[in-house]
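Chemist: Could you put together the complete structure from these sequences and hints?
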Amino acid sequence: MPKSEIDRREMLRLAAGTALAAPWLASATSALAAQAPSLDPRLPSGVATEALLEALPGKAPLIKLAYRAPNYESPLSVFKDTITPNDSFFVRYHLSDIPNVNAATWRISIGGEGATTPLDIGFDDLRKNFEPVELVAVCQCSGNRRGLANPHVPGVQWGVGAMGNARWKGARLKDILAKAGLKEETIEIAFDGADGPAVDATPDFVKSLPLWKALDSDTIVAYEMNGEPLPHFNGFPARLIAPGWTATYWMKHLTRIEARTKPLDNFWMKSAYRVPARLFPSTQRFVSQESPANTPITEIMVNSLITSPLSAEAKSGETLTINGIAWDGGFGISSVEISQDGGKSWTSAELGPDLGRYSFRDWQISLGRPPRGKVDILAKASNAIGQSQPMTAIPNPAGYHHNAVARLALTVV
Amino acid sequence: MRVARKFTAVLAFLLAAGSILHGTGSLRADETEIVLKEWSGRDAVINNCGACHSLDYIKMNSPFLDKTGWEGEVTKMIKGYGAPIDDANAKQIAAYLAANYGK
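Chains A and B supply the protein sequences, listed in that same order.
Each residue of the first sequence is one higher than the one before, counting from 500 in my numbering.
Each residue of the second sequence is one higher than the one before, counting from 1306 in my numbering.
No lab work stands behind these hints, which were simulated from the structure alone.
Any given hint could be a false lead.
[What the hints assert, rightly or not] Derived CB-CB ranges, DEER-like:
no.: 1; chain 1: A; residue 1: THR760; chain 2: B; residue 2: GLY1387; range: 19 to 29 angstroms
no.: 2; chain 1: A; residue 1: PRO598; chain 2: B; residue 2: GLY1387; range: 48 to 58 angstroms
no.: 3; chain 1: A; residue 1: SER787; chain 2: B; residue 2: GLY1387; range: 16 to 26 angstroms
no.: 4; chain 1: A; residue 1: GLY816; chain 2: B; residue 2: LYS1408; range: 21 to 31 angstroms
Keep in mind the model is a prediction, meaning the values are calculated, not measured.
The beta carbon of each residue, even a glycine, is placed where N, CA and C say it ideally should be.
Modeler: This is how it looks when you write it as structure tokens:
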């Protein structure tokens, strides 16, 4: 290993902390400090040696966890906005062969055993021949916060930023499927995208939805994100939006929609993205893919995040205001409560504007002027069907659904 | 700093190029800066694991897996993801990962 490489790595490790340890480091690391993200101390220590703030083409600097396949999460500061800007939206791929898609020649084929009249459509068809619908929805990786799991489990070691909230515009999937004429025997709709594996033996990333979710009026094929074309790394020219459900179903660079009369049997359905049966309070089922031991992951669990203050220090004599966001699997956030005594007593925060039941919901609370010392703040969201966040995340083999109450340890100085 | 980075990138690329070229995924320039610990089996890791994914996946997932845990990961890559790795290489890779990136 060249010496310069050792130095760079070592400095990066040092710079990855929330503050520089010594003034003399400031000049030596100035170039690197801009690249070193602030990382949660609960992440595996190996993350700090590799994580960098780096911009993919067409994107703002994000926290790079893996180059190939690209896995980049949004820094915490991004979530001060209820709507996540396109260039700051997280990037997550399983497979590394990601072609640049030309919208002029791109087609989606719609067929399968369950379709009576297979067809294919292009970008203009999608925009002009189907009624456009818009909705705001959270796209959250099933494994968001996996890196905070205790004990750690293998996989991409995400912090809190493998999620984003956008206004999606597209065509209803059910309108597209209507043109293909579904047979009564259809039980699942499967989706494939343009991205593929590095070696042929790796199973292509193909996912299916139960028919009922595919026919939901809110399930759309989106060609706009926050009023603009989708960024390449977020699925240009069109991706599936399965609002309320985790991002594993939100197929990017959509190329094929298949009406199936038999359950999709592949690695991505049968082995990956499954949770132990009855472990989580999920209410939405994917019956054709269930086994006695485990089930496919379905809707997002109710969750919250403290987005401000970003600093671990607050000044005494100043009013302390806490801001955050809350979201769930599409039932809608009913309340967010704050505790300063480890969860013994809770006070309601004020909810911000309602952008729809699939969206982030802003919240805010003033804690007055706390005295000098340590303040441990907990935030807990509840949804319209009475679910709320557990005090600690529920362990499971793949580290999915991490939705423990949000926590901020502040020192008032 | 820029010059130093370029220099190490070129060096690392020369080390890695021969082994990663058969992957069809695009090789990003900065990926070549990832350095794995010198230890028996390192080449097998670079040649096999690096064919499909960048090696930061390994470092990111450390140090919390024991030997059984790393063996499980190698098995998952072969059985689940279809990685064409023979038994001898699989054993060598798991041993390397457990010794250098295990708990």
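Chemist: Next, verify each hint and record whether it holds.
Modeler: Against the structure, the hints:
no., hint, verdict
1, THR760(A) / GLY1387(B): 19 to 29 angstroms, "holds (27 angstroms)"
2, PRO598(A) / GLY1387(B): 48 to 58 angstroms, "violated (20 angstroms)"
3, SER787(A) / GLY1387(B): 16 to 26 angstroms, "holds (25 angstroms)"
4, GLY816(A) / LYS1408(B): 21 to 31 angstroms, "violated (46 angstroms)"
The structure is inconsistent with the numbered hints 2, 4, although it conforms to all the rest.
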